[in-house]
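Student: Sequence:
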Amino acid sequence: MVIFDNDGVLVDSERLANGILAGLLTEAGLPYTLDEAVRDYMGGSMVSMRRKAEAMLGSALPADLEDRYHQQLFEGFAHLQPVPGVREVLDGLDADGTPYCLASSGTHRRIHTALTTVGFWDRFDGRIFSSEDVEHGKPAPDLFLHAASSMGVKPDDCVVVEDSPLGVAAANAAGMRVFGFAAMTDRHKLTTATEIFTEMSALPGLIAGA
1 MVIFDNDGVL VDSERLANGI LAGLLTEAGL PYTLDEAVRD YMGGSMVSMR RKAEAMLGSA
61 LPADLEDRYH QQLFEGFAHL QPVPGVREVL DGLDADGTPY CLASSGTHRR IHTALTTVGF
121 WDRFDGRIFS SEDVEHGKPA PDLFLHAASS MGVKPDDCVV VEDSPLGVAA ANAAGMRVFG
181 FAAMTDRHKL TTATEIFTEM SALPGLIAGA
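Residue numbering for the sequence shown follows this note's numbering, starting at 1 and increasing by one per position.
The set of hints was computed from the structure by calculation and includes no laboratory data.
Just so it is clear, the structure is predicted and the values come from calculations on it, not from any experiment.
Hints may be right or wrong, so weigh each one.
Here are the computed distance ranges between Cβ atoms for each label pair [unchecked claim]:
| # | residue 1 | residue 2 | range |
| --- | --- | --- | --- |
| 1 | S149 | G97 | 18 to 24 Å |
| 2 | D94 | G152 | 16 to 22 Å |
| 3 | G85 | A60 | 38 to 44 Å |
| 4 | L57 | A202 | 39 to 45 Å |
| 5 | G97 | R68 | 19 to 25 Å |
EDC-like cross-link-like pairs, simulated, lysine to aspartate or glutamate; straight-line CA separation at most 16 Å [claimed, not checked]:
| # | residue 1 | residue 2 |
| --- | --- | --- |
| 6 | K189 | E36 |
| 7 | K52 | D40 |
| 8 | K52 | E75 |
| 9 | K189 | D35 |
| 10 | K52 | E36 |
| 11 | K154 | D142 |
| 12 | K189 | D40 |
Virtual Cβ for every residue (Gly too), placed ideally from N, Cα, C.
All chains, full assembly: derive it from the sequences and hints.
Tutor: Written out as structure tokens, the structure reads:
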């Protein structure tokens, strides 16, 4: 079974999401650039973001930061596109009868909005797992283990497609092979992945050889 991350793997949303987060943190007194937000928060949940940012700031972030973040994010999602080449990857998996699902640090609402916008909802409906479903998000293995268990698949029969160091660490901790997608991420941050690739056109070959 193939387990896909969402942001940056299925939908081209990482720059949008982290740009919004950088702006909100800067407004709250913790200056951040887009690249710094990608470095520190890419692949993590909003819960882990708040914990880390408040530790750096030394005080509480605004209580409505998450609400403002999601409002701006969903407005930006109106123009969201799938990651180039991923539609063809999914078509190939469907043709081969290879099972797949989605496991994301995002909320169910965020996942639903993103997948609906790019036309992927019907492909994943009933096979979507969020960090909201488990006690510990990435880099803990909980989310991937929950996805595998729910799908009735053993961890060593799963391959994970991830673009963040946190996601790669979570997949490794779950005992799963992981393919690191380095289209946006510095490949040196994904060195613990089983394989690293930069174009979606390479993914079917990696899956076939897994």
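Student: It remains to establish, for every hint, whether it holds in the given structure.
Tutor: Each hint tested on the structure:
no.: 1; hint: S149 with G97: 18 to 24 Å; result: 21 Å, holds
no.: 2; hint: D94 with G152: 16 to 22 Å; result: 19 Å, holds
no.: 3; hint: G85 with A60: 38 to 44 Å; result: 42 Å, holds
no.: 4; hint: L57 with A202: 39 to 45 Å; result: 40 Å, holds
no.: 5; hint: G97 with R68: 19 to 25 Å; result: 43 Å, violated
no.: 6; hint: K189 with E36; result: 14 Å, holds
no.: 7; hint: K52 with D40; result: 9 Å, holds
no.: 8; hint: K52 with E75; result: 26 Å, violated
no.: 9; hint: K189 with D35; result: 14 Å, holds
no.: 10; hint: K52 with E36; result: 13 Å, holds
no.: 11; hint: K154 with D142; result: 14 Å, holds
no.: 12; hint: K189 with D40; result: 12 Å, holds
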